[in-house]
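Residue numbers (this note's numbering), protein chains in the order written: chain A, 1 to 429; chain B, 1 to 429.
For the record, the hints were derived by calculation from the structure and aren't laboratory data.
Honestly, I wouldn't trust all of these hints.
With a straight-line Cα cutoff of 25 Å, these simulated BS3-like cross-link-like pairs (lysine-lysine) come out [said to hold, decoys possible]:
id	chain 1	residue 1	chain 2	residue 2
1	A	219	B	230
2	B	230	A	112
3	B	98	A	112
4	A	230	B	230
5	A	219	A	230
6	A	98	B	112
Computed footprint of chain A on chain B; a stretch qualifies when at least three of its residues, placed anywhere within it, have a C-beta under 8 Å from a C-beta of chain A [stated by the list, open to error]:
id	segment
7	251-260
8	369-383
Using N, Cα and C, we set each Cβ at its ideal position, and we do this for glycine too.
Protein chains: 2
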Amino acid sequence: MSHDDSERPATGDLFQYANAVGERAYQAAKGLALASRFAKDEWLRRCAERLRQSTEAVLRANARDLELAQHYGMNAAAIDRLRLTPARLESLATAVEKIALLDDPIGESFEKSVRPNGLAIHRVRVPLGVVFFIYESRPNVTIDAAAICVKSGNAVILRGGKEAFHSNRALYELLRDALLDAGLPADAVQLLETTDRAAVGHFLAMSDKIAVTIPRGGKSLIERVAREAKMPVIKHYDGICHVYVDKSADLEMARDIIVNSKCQRPGVCNAAECLLVHADIAAQFLPLAAAALREHRVELRGCPRTLELISGCRLATPEDYRTEYLDLILSVRVVDSLEQAMEHIATNGSHHTDAIVTTDSEAARRFVSVVDSAAVVVNASTRFNDGGELGLGAEIGISTDKFHARGPCGLRELTSYKYVVEGSGQVRS
Amino acid sequence: MSHDDSERPATGDLFQYANAVGERAYQAAKGLALASRFAKDEWLRRCAERLRQSTEAVLRANARDLELAQHYGMNAAAIDRLRLTPARLESLATAVEKIALLDDPIGESFEKSVRPNGLAIHRVRVPLGVVFFIYESRPNVTIDAAAICVKSGNAVILRGGKEAFHSNRALYELLRDALLDAGLPADAVQLLETTDRAAVGHFLAMSDKIAVTIPRGGKSLIERVAREAKMPVIKHYDGICHVYVDKSADLEMARDIIVNSKCQRPGVCNAAECLLVHADIAAQFLPLAAAALREHRVELRGCPRTLELISGCRLATPEDYRTEYLDLILSVRVVDSLEQAMEHIATNGSHHTDAIVTTDSEAARRFVSVVDSAAVVVNASTRFNDGGELGLGAEIGISTDKFHARGPCGLRELTSYKYVVEGSGQVRS
Chain A
1 MSHDDSERPA TGDLFQYANA VGERAYQAAK GLALASRFAK DEWLRRCAER
51 LRQSTEAVLR ANARDLELAQ HYGMNAAAID RLRLTPARLE SLATAVEKIA
101 LLDDPIGESF EKSVRPNGLA IHRVRVPLGV VFFIYESRPN VTIDAAAICV
151 KSGNAVILRG GKEAFHSNRA LYELLRDALL DAGLPADAVQ LLETTDRAAV
201 GHFLAMSDKI AVTIPRGGKS LIERVAREAK MPVIKHYDGI CHVYVDKSAD
251 LEMARDIIVN SKCQRPGVCN AAECLLVHAD IAAQFLPLAA AALREHRVEL
301 RGCPRTLELI SGCRLATPED YRTEYLDLIL SVRVVDSLEQ AMEHIATNGS
351 HHTDAIVTTD SEAARRFVSV VDSAAVVVNA STRFNDGGEL GLGAEIGIST
401 DKFHARGPCG LRELTSYKYV VEGSGQVRS
Chain B
1 MSHDDSERPA TGDLFQYANA VGERAYQAAK GLALASRFAK DEWLRRCAER
51 LRQSTEAVLR ANARDLELAQ HYGMNAAAID RLRLTPARLE SLATAVEKIA
101 LLDDPIGESF EKSVRPNGLA IHRVRVPLGV VFFIYESRPN VTIDAAAICV
151 KSGNAVILRG GKEAFHSNRA LYELLRDALL DAGLPADAVQ LLETTDRAAV
201 GHFLAMSDKI AVTIPRGGKS LIERVAREAK MPVIKHYDGI CHVYVDKSAD
251 LEMARDIIVN SKCQRPGVCN AAECLLVHAD IAAQFLPLAA AALREHRVEL
301 RGCPRTLELI SGCRLATPED YRTEYLDLIL SVRVVDSLEQ AMEHIATNGS
351 HHTDAIVTTD SEAARRFVSV VDSAAVVVNA STRFNDGGEL GLGAEIGIST
401 DKFHARGPCG LRELTSYKYV VEGSGQVRS
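Throw the hints in and build the complete structure from the sequences for me.
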């Protein structure tokens, strides 16, 4: 808390401060909505340039955060996410340049039609307005989120974790300078000068200024935001992802897919947490899979039938099947049918990402239509449920909601539309 | 209140009742999500058939509501909306048959792509789940809303106004019988057996079962729902709609458009409430428009410059320009430029429907891109912002939100999607 307080703005009046930030963002959003693609891409290119030029200043600020990290009791993994390096800054600059190459979603025209009375109708994509983005202590996200919001025509209010305060401020300064370079409203990107949690409450009440709040971080943060927010929230809850190996599966393919789904990056939401295996091939497949998974030091927790087929496997509790381990642990269950596998997923899963491995196209078709997840995957790793991998170019998060946006949220998912109706004097009779 | 209480279910335990309704809807939605287009359309055809067969029973129930209407202090217009007639029932049956002819949005595949690694990606449209629909005392809406929800694969919980209680129950019975005819889950449509307002609160808290709440009715109802709901809400606020007559307008076309926008049905949200006229043509246009509007008994309230050009016009107050009259009253203002007209709309409008009448394509282009409304209209009546007129086939409301759905909400606007990823063993490196 003492660190929090030291960063609180001098005014002391958080409510007034929050309102001023919200109003500036709202006004900036109006200008940004009409900005040309050229100006937005120019901003992105200037950001990349300034990232490369300011490497030393950013690393100095980051060093200060790293010094303070132990005061916050951060563990090694969290400190690693906080750390910036010349290589990481270069890859950020490259990512920003790639966003400049993506199509501008704003102004896209779709669902065109001409009505019998001659009215020409279409929808035109427009920005949502102001995004309030709350995120963990990963300074690279400051750049990513600002780039995605501004490219999609939205102003953004960034509220980063306190542990990244100095890094974020250094990055924010270059984002802002680049806005001026490109002739865009300087308040299109704002970084909160306070990490006081009470400030968040003021923003969550500002439904007249803020179009959407996107919280990234732990479940308790997302739950708090969903409870308090008076505007829509794009939520990102856990991923309890499954790989189901059907009786007709290519077993080597299935082995490679479960190993990749579990081990390629175990700490993320689209990593697999549970392996379901059809009883007909369990005796053949489980020893094969267990050997490969153990090479990656994966701990297995299985159902009684699993334990009969592989040794050194702990008995899974019902709780195991509902757990997002985010670690090298995998629950395993032998099922009697595709239907039982889908029932298991419906009961225990989190509607995030679920995969089937099969050579039976009817089984694949049924799995794809019945399983109610943001991404259903056939014969590939669950790790592909990601904005970059699905071709969105960039993503600001993976929505576990069905409303507005589901799955990875890229540029288009941060937009709305208007109807344009063009006539020649038509009236209704 | 005494009428309310007399309809309360015997159990007395509203919370338990609401939970049971929510759970039944949730289970029904799972079945409905997988229902074939044939079954859903068969249900619609059976509904139409049963509407025609049950005319007498429905009219008897409606007669009971009409008898009670005076107890509720309903005015003539409200009683007219409550009244069913053989002709109105026939037009409802026809409307339902038309919905059966619309494309099924569920299962539609879109945004297909093949990634460089060979993964085939597309999105497939899926239902949202359960819709909680709260509406005014118009029994025809019971049929319309159920038809749109079920055709789009969603279960619906209907909460109609207490004044239409008996009519709604009679209509609900035939909807439910038709569900059984068509082999669909009987709980896909449920009508609340209580009109107790406290029950609404229980449903608004049920975010684990209900995907979206759609309130239709007065502003205070919508505000209450938006404040209390723990799930997304599709809101339908007021329409303060403008017609701007540019200096290059065809004046006779402009006259016909303002007359139609104001008078064709003054009590609805897409009727015009304000006429903006460019100063260069005001002296010519205003007398022409005033004469035509007065033939329709429209009361005019104008700015000082308007008063100089037409007689018998009251001075408009700032409040007039921010009022949704829903009546034969029109505010009028002379503006010096397109920019001033757009500024007036931004300051006073409600982002619903705004029209420009012009022969200048550059003025039209600028109006369309700057004015931030659900529908921007060029050279046509504001009354075209309607699901039927825009080609959606049917609508459940007109959203004044930007999130998820904007403008008229038809079948597609009641859906979400899932990503389908099809591979041949791909893993991430």
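Taking the hints in turn, this is what the structure says about them:
1. A:219 to B:230: The hint holds at about 16 Å.
2. B:230 to A:112: violated (35 Å)
3. B:98 to A:112: Status holds; Cα separation ~22 Å.
4. A:230 to B:230: holds (10 Å)
5. A:219 to A:230: Between residue 219 of chain A and residue 230 of chain A the Cα gap is close to 19 Å, so the pair holds against 25 Å.
6. A:98 to B:112: Holds, because 22 Å separates the two Cα atoms, which is no more than 25 Å.
7. 251-260: Satisfied; 5 residues make the cut.
8. 369-383: holds (count 13)
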